[in-house]
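Peer 1: Okay, here's what each chain looks like letter by letter:
2 protein chains.
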Amino acid sequence: MVADHIGNSGVRILARTCTTAGAIIPAMKVSELGEFGLIDLIRSSVARYDDCGRTPWREIVVGIGDDAAAWRADGQILLATTDTLVQEIHFNLDVISWEELGWKTLAVNLSDIAAMGGIPKYALLSLALPGDLQAEDISRFADGLMRLAGEFRVAVVGGNISAAPNVVITATVIGCSRGEAILKRSTACPGDLIAVTGYPGLSAAGLEMLKGRAISDPEMSSVLRCAHLQPRPRIEEARILTEQGVKTAIDVSDGLVADLDHICECSKVNARIDMQRVPVHPMLEANFPNYRDLALSGGEDYELLFTADEATLARVNQALNCPVAVIGEIRAEESVKRVTVVDSRGDAISYRKGGWEHFKHGVTKAYLA
Amino acid sequence: MVADHIGNSGVRILARTCTTAGAIIPAMKVSELGEFGLIDLIRSSVARYDDCGRTPWREIVVGIGDDAAAWRADGQILLATTDTLVQEIHFNLDVISWEELGWKTLAVNLSDIAAMGGIPKYALLSLALPGDLQAEDISRFADGLMRLAGEFRVAVVGGNISAAPNVVITATVIGCSRGEAILKRSTACPGDLIAVTGYPGLSAAGLEMLKGRAISDPEMSSVLRCAHLQPRPRIEEARILTEQGVKTAIDVSDGLVADLDHICECSKVNARIDMQRVPVHPMLEANFPNYRDLALSGGEDYELLFTADEATLARVNQALNCPVAVIGEIRAEESVKRVTVVDSRGDAISYRKGGWEHFKHGVTKAYLA
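Going down the list, the sequences are from chains S and E.
The opening residue of the first sequence carries number 1181 in this note's numbering; numbering runs sequentially from there.
The opening residue of the second sequence carries number 1181 in this note's numbering; numbering runs sequentially from there.
If you are wondering where the hints come from, they were derived from the structure by calculation, not from laboratory data.
Any given hint could turn out to be false.
The list makes no distinction among identical chains, and a pair is therefore deemed to hold if it is satisfied within one copy or across any two copies.
Unchecked claim - DMTMM-like mimics (lysine to aspartate or glutamate), calculated; alpha carbons at most 25 Å apart, straight line:
hint, residue 1, residue 2
1, K1209, E1268
2, K1209, D1312
3, K1427, E1280
4, K1209, D1274
5, K1448, E1360
6, K1391, E1423
7, K1533, D1523
8, K1209, E1239
9, K1209, E1465
10, K1448, E1509
11, K1209, E1280
12, K1533, D1312
13, K1209, E1490
Quick caveat, the model's predicted, so the values are computed rather than measured.
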């Protein structure tokens, strides 16, 4: 039961627990428990108060633990997601412009709606800001956000402004599904092939560049900067996925392997990735010796990672207007290590973990290094 | 045009402006522009990209500038609001318990739904947390939040967790209206009476106590602590308001006069408050020499401030199960000073401004004093 509550954080917790309100709580720091342990903690508190037989609970289609929540409301399925960007954790104002920050604030939320196959419609914006910022910067921020909002026809309808010692920006996006079609994390089946759009790792490479790694080619520099600071949510591509019958997807925010691990956890399956089939951008391979780690663990790419049977994937491949690669397959749940990456001989290979697991690995200091 | 863009911030801005993306932006700090100037700034950026003839814009019933946004979706009106609590700005962990913080996080959002006359249904929660917090504290936070959620049948369906140097908590609540009835800020008419539920000022008095003011009576101490740390959203009372035909309301978050000023600005009217009719809790009057300032400017009471004609108010008074007082009347827009407070002889009286206007008056340091 305890292991059930604390998910990823493993056995160590069993030895040190205390109780509050009848629940067993790990006696450890937030940094030790980690992001996913915390989500499990909150989920268990929520579960103690749920009253599933009544509205609004019985209308819930997807609750805590997917890219967005989904519920039925008068014949349609509504979607809602929220995401926060924290100064010095997610961004550094020395390298990101206020326009780019506005764009990215909305982009990461639209990507969550894309990962559900949905249509984004309305956005709320909560800004916590130090008083010594320039008003002009906030205007530029709003312009960057609105440029993306306009492109995807998202109406900004409200929000909140507060003083704060450092910049913390939260956006919430509300949208709806395309009919009954929803992409979920929990529907992957053994035998499904695994596919990904675009080139994972470009965003993390962009971060390395912004932290000081010299890139001489201006075109490459521009591609990397854009990949990290102005990601393009795959809303249109997700529409094609739902139209072609795909059921399972996630957006690559934590990293390719980490996000595939989320699918495996939710679907109770294992996955195997063929390293040689992982799409690595030629510029990445030519300039970053660690390109494999970047592609497998980089994070913040906001590409779509999805699974489907071979025939469905063939149709998707035909219909998509962006690069898409089959990188492996879903297998029955046999191992606690949910995702295995293999080389051309089928031997498991190791890679540097990282991605964007908060609190752990010092990755929260990504910009402070 | 400029004055139109920057609203509250007045003429001073005209002398110092610069332009970005074709818009005229005040060349000043966020702290000088203030919360409401910033909202106007963002609203003007949003307006440049709006495409009102198309969906989803044409479905919007209430956009930026009310307690919550409202839009039509398949025959119902949906409501959404978001609010953020920032450590050292809105709360101090030395005095608020984690359970109380959880309660208050949801309460301030439910109060915004109440101020629209709506039914809250779903909540999203975004936590930005330092890694050295105890996991147990986060569990207590979730329990406090869920206690209130359970009471009002709100389902927590998702959210986001991030590392951060200090605690910043954002909740978003999505709900719906009761049929076509919505309470707005923009519908007050000259001749309307102004009424308020409960006893404004108790929350600010609670804050004074928590900052060190000695209160010997344990019952009073408990009332004040609860008023500030565990406010009760007036969801049920708002239902009665809509049933009895009230159209205009706001919740008292910035302070009685400041929130009445918001109604006046949105409705293009003036207001007059009779100080002697403002309900002051006997314990407040007996223990706080500044009880008038607290009642007029205190903020964070989350009472309902509303306007209606005399007959409607009589019905409301009959139906409500909480204290309610008529405190003044709405008048035609004649003065730039939108709200006047008068004594028993009808003479205007002055009072200490304050409330919760962020960035200004040093009130953002409420807990740091």
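Peer 1: Are the hints correct? Go through all of them and say.
Peer 2: Do the hints match the structure? See the list:
Taking CA atoms no more than 25 Å apart as the test, K1209 paired with E1268 passes in both settings, with 21 Å inside one copy and 21 Å between copies. Within a single copy, K1209 and D1312 get their C-alpha atoms only as close as 33 Å, which misses the 25 Å cut-off; across copies the closest is 6 Å, which meets it. When the C-alpha separation of K1427 and E1280 is checked against a cutoff of 25 Å, the pair qualifies neither within a copy, at 32 Å, nor between copies, at 41 Å. For a Cα distance limit of 25 Å, the shortest separation of K1209 from D1274 across copies, 18 Å, qualifies, whereas the shortest one inside one copy, 31 Å, does not.
Only within a single protomer do K1448 and E1360 lie at most 25 Å apart by alpha-carbon distance; the minimum there is 23 Å, versus 45 Å between protomers. With identical chains, the CA atoms of K1391 and E1423 are never at most 25 Å apart, being 40 Å at best within one copy and 59 Å at best between copies. Taking identical chains as interchangeable, the C-alpha atoms of K1533 and D1523 lie at most 25 Å apart only when both belong to the same chain, with a minimum of 17 Å there against 69 Å between chains. For a Cα distance limit of 25 Å, the shortest separation of K1209 from E1239 qualifies neither inside one copy, at 35 Å, nor across copies, at 46 Å.
Proximity of K1209 to E1465 under the C-alpha cut-off of 25 Å is found in neither arrangement, the shortest distances being 39 Å within a copy and 44 Å between copies. When the C-alpha separation of K1448 and E1509 is checked against a cutoff of 25 Å, the pair qualifies only within one copy, where the shortest distance is 14 Å, while the shortest distance between copies is 63 Å. With identical chains, the CA atoms of K1209 and E1280 are at most 25 Å apart between copies only, with a shortest distance of 20 Å across copies and 34 Å within one. In this homomeric assembly, K1533 and D1312 come within 25 Å of each other (Cα to Cα) only across copies, at 22 Å, whereas the closest approach inside a single copy is 38 Å.
For a Cα distance limit of 25 Å, the shortest separation of K1209 from E1490 qualifies neither inside one copy, at 44 Å, nor across copies, at 57 Å.
Against the hints set out earlier in the document, violations occur for numbers 3, 6, 8, 9, 13.
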